[in-house]
Amino acid sequence: MIKAGAVEKGMAILMKDQPFIVVDREFVNPGKGSNFVRMKLKSPQTGQVLRETMKTQDSIEDITVEDHDCQYLFFDGDAYHFMDTETYEQFTVPSKGFEDMQYLMKEGETYRIMFWEHTPLDINLPYKVVYEVTEAEDAVKGDTVTGATKLVTLETGLRLKVPIFIKQGEKVLVNTETKEYVERVNT
Amino acid sequence: MFRETQRALIKSRSALLKQLRSFFDARGYLEVDTPLLAPALLPEAHITPFSTQFLHPFAGNYPLYLIPSPEVYMKRLLSHGSGDIYQINRCFRNEEQVGREHNPEFTMLEWYTLDADYLDSLKTAQELLAYLAPLDTQGICSRPAEVMTVQEACMKHAGLDLEKAQSISEITEQAVLLGLTPPTSNDAVTWEEIFNRVFLSFVEPELPKDRPCFLKDYPSQIPCLAKEKPGTPWKERWELYLGGRELANCYSEETDPDAVYNFCSSSARAIAKKTQSQGTETPELDLQFPKLYESPHPPCSGTALGVDRLLMALTGTQDIGGVILFPLSDIL
Chain A
1 MIKAGAVEKG MAILMKDQPF IVVDREFVNP GKGSNFVRMK LKSPQTGQVL RETMKTQDSI
61 EDITVEDHDC QYLFFDGDAY HFMDTETYEQ FTVPSKGFED MQYLMKEGET YRIMFWEHTP
121 LDINLPYKVV YEVTEAEDAV KGDTVTGATK LVTLETGLRL KVPIFIKQGE KVLVNTETKE
181 YVERVNT
Chain B
1 MFRETQRALI KSRSALLKQL RSFFDARGYL EVDTPLLAPA LLPEAHITPF STQFLHPFAG
61 NYPLYLIPSP EVYMKRLLSH GSGDIYQINR CFRNEEQVGR EHNPEFTMLE WYTLDADYLD
121 SLKTAQELLA YLAPLDTQGI CSRPAEVMTV QEACMKHAGL DLEKAQSISE ITEQAVLLGL
181 TPPTSNDAVT WEEIFNRVFL SFVEPELPKD RPCFLKDYPS QIPCLAKEKP GTPWKERWEL
241 YLGGRELANC YSEETDPDAV YNFCSSSARA IAKKTQSQGT ETPELDLQFP KLYESPHPPC
301 SGTALGVDRL LMALTGTQDI GGVILFPLSD IL
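Taken in order, these protein sequences are the chains called A and B.
Counting from 1, one number per residue, gives the positions in the first sequence under our numbering.
Counting from 1, one number per residue, gives the positions in the second sequence under our numbering.
A few of these clues could be false.
[To be verified] Per label pair, the in silico range of CB-to-CB distance:
no.	chain 1	residue 1	chain 2	residue 2	range
1	A	D76	B	K274	49 to 57 Å
2	A	T134	B	L17	48 to 56 Å
3	A	A6	B	Q318	42 to 50 Å
4	A	I2	B	S295	28 to 36 Å
5	B	Q318	A	N186	29 to 37 Å
6	B	T275	A	G31	16 to 24 Å
7	A	A6	B	P257	50 to 58 Å
[Claimed, not checked] Calculated lysine-lysine pairs in the BS3-like style (CA-CA distance at most 30 Å, straight line):
no.	chain 1	residue 1	chain 2	residue 2
8	A	K42	B	K156
9	A	K106	A	K150
10	B	K274	A	K16
11	A	K3	A	K32
12	A	K32	B	K209
13	A	K32	B	K229
14	A	K16	B	K229
15	B	K156	A	K32
16	A	K9	A	K42
17	A	K9	B	K209
18	A	K150	B	K209
19	B	K274	A	K3
20	B	K123	A	K40
21	A	K32	B	K123
22	B	K229	A	K40
Since the hints were made in silico from the structure, they are not lab data.
We treat Cβ as the ideally placed atom computed from N, Cα and C, and that holds for glycine.
Turn these sequences into a full structure, and let the hints guide you.
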C-alpha cells in the first residue's frame, strides 16, 4: 500500500481488483479544502479510462511490475505481436487503449514492456524516437513565412506537422508522447 | 546571464500589479498592507501554516506564523471602519504539494466591499477581467463569462443532483455509481470530501477553458465564512475559473456572531484532532476573531484572487513556476 499522494505517472496500481496504469496525475486543493490528487487511469486490458480523485492521505494498492525487453513483430489489426528477447516466448498485447502504438512502433525494434504476473500492462516507448519521412510534398515556392508547416507521413504511418524544409527520405526526431516534431536529424 | 524570459516575466508581473492597483484605486478602495507575521491564525481545518518564533531577549520565545491569507487583519480593519479596502500581498501555505498550480509562497489580491453581497462582487470581478484585457495575450478575459450554479454544473457534467444528495449516504451512493472507489482512509469521511472527489473528477475538468467561468451557490456542507442563502441548501459564495484553473473565491461575508463562533470552534476541533493524530503541534488559534462581530457589522463581501494564476491565464503559461520569480520548484 502507498499513499495516494505518492502516486506517479506511469505507475501501476490496483483499483477494484483490476490493474490500472496512471496516465496522468495532478494535485488539487479546492477552495481552502484538503489536499487531493486527481488521476486519470487506464486499464491495459480493456482500454477503459477511469477518473479518480482521492485525498493524498488515502491508501492505494500498488503492484510490483517487471520490465522485459521485447521485440515488436507485427500488428494483426487487433493485437500487437511481440517476442521476449530473453525467453523467446511470443505473446500479444490487445491494441485497445494502445491504438496509437501502431503508428509509433517499428517492426523488428525492441521495446520495454511492463509485466504484472505474466500480464503485459504497458508498452514503454523512448521519449524521443527518430523516424524516416516516407511521404512529403515539396514546399510550395514562395511559401517562406517563418514557422510555416506541412503534413508528412513517417515510415510507421504516423502523420504529423513538420517545418516546410523537411524532405522525403530525411529523418526527424519525434516526441512520442505528444506526437510532435522535435528536430531534423542529419545522417 | 539574465534570460530574456525572465525580463519578460518581470515586465508582465509589474504591468499586472500596476493594472490591479489602478482598478481598485479608481473605484475608491484604499490599499492596505497588513502584517505577514501573525501571532495566531484563523482556525481553518485544512491549512497548515509555516511557523516561526520571535526570540525575545528577556521574556522567552514567542510563536509567529506566516499568514495563509490576509483575511483576519483586513476584517479587523473593516470592523474598525476602514471602508472599502484591497491588498496585494504574499500568502504562505505549508504542506500543499509543489506542482503546476501551487507554490507554497504566492501572491494574493484580496478586496472587501461594504454594503455589498457576493453578486455585487461578481460584477466587480467581471469589470476587473474586462479591465485586464490589454494584458490578455490569450483573449480569455475579454470573452463573456459563463455563470452557473454549482448545482447546474454538477447536473450537467456528472448527472449529480446535489439537491437530492444532501446526506452523506446519498452522495456516497452517487459517487460510487459514477465509478469512484469507496473511501479507504481511516478518518471519518465527510460530505465535503465525497463532494470534492466527484467535483474534481468529473466537473472541474469539464469547465470552459476559453472564457471566464463563475460557479456560484456552494453547498452549505462545506464549512466556510460565507452567509447561508436563505431558504436553500447553499451558501452565498462563488469561485472563478480562468483557463479551467481555480482563480478566485468570494463570499457574502458571514457577520452573525454565533455563526462565526460556530465556524471557529468546529474548525478548531478539527485542527486539534488532525494535529493529535499526526503528533504535530497545534498552532495558536485566534479565538478572539468572532468578537469582531459582536457589535453590529455592515453587510460586506470579500474576494480573494490568486495573482500568479491570473498571470498564468493572461500569458498562457501552464506552470506556476513560469510566472514567479525564483519559484520554490527550482530548488525542491
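Hints, verified against the model:
no.: 1; hint: A:D76 x B:K274: 49 to 57 Å; verdict: holds (55 Å)
no.: 2; hint: A:T134 x B:L17: 48 to 56 Å; verdict: holds (53 Å)
no.: 3; hint: A:A6 x B:Q318: 42 to 50 Å; verdict: violated (23 Å)
no.: 4; hint: A:I2 x B:S295: 28 to 36 Å; verdict: violated (52 Å)
no.: 5; hint: B:Q318 x A:N186: 29 to 37 Å; verdict: holds (31 Å)
no.: 6; hint: B:T275 x A:G31: 16 to 24 Å; verdict: holds (21 Å)
no.: 7; hint: A:A6 x B:P257: 50 to 58 Å; verdict: violated (43 Å)
no.: 8; hint: A:K42 x B:K156; verdict: holds (24 Å)
no.: 9; hint: A:K106 x A:K150; verdict: holds (23 Å)
no.: 10; hint: B:K274 x A:K16; verdict: holds (29 Å)
no.: 11; hint: A:K3 x A:K32; verdict: holds (21 Å)
no.: 12; hint: A:K32 x B:K209; verdict: holds (22 Å)
no.: 13; hint: A:K32 x B:K229; verdict: holds (20 Å)
no.: 14; hint: A:K16 x B:K229; verdict: violated (39 Å)
no.: 15; hint: B:K156 x A:K32; verdict: holds (24 Å)
no.: 16; hint: A:K9 x A:K42; verdict: holds (11 Å)
no.: 17; hint: A:K9 x B:K209; verdict: holds (24 Å)
no.: 18; hint: A:K150 x B:K209; verdict: holds (28 Å)
no.: 19; hint: B:K274 x A:K3; verdict: holds (17 Å)
no.: 20; hint: B:K123 x A:K40; verdict: violated (36 Å)
no.: 21; hint: A:K32 x B:K123; verdict: holds (23 Å)
no.: 22; hint: B:K229 x A:K40; verdict: violated (35 Å)
Consistency with the previously given hints fails for numbers 3, 4, 7, 14, 20 and 22, ordered from lowest to highest.
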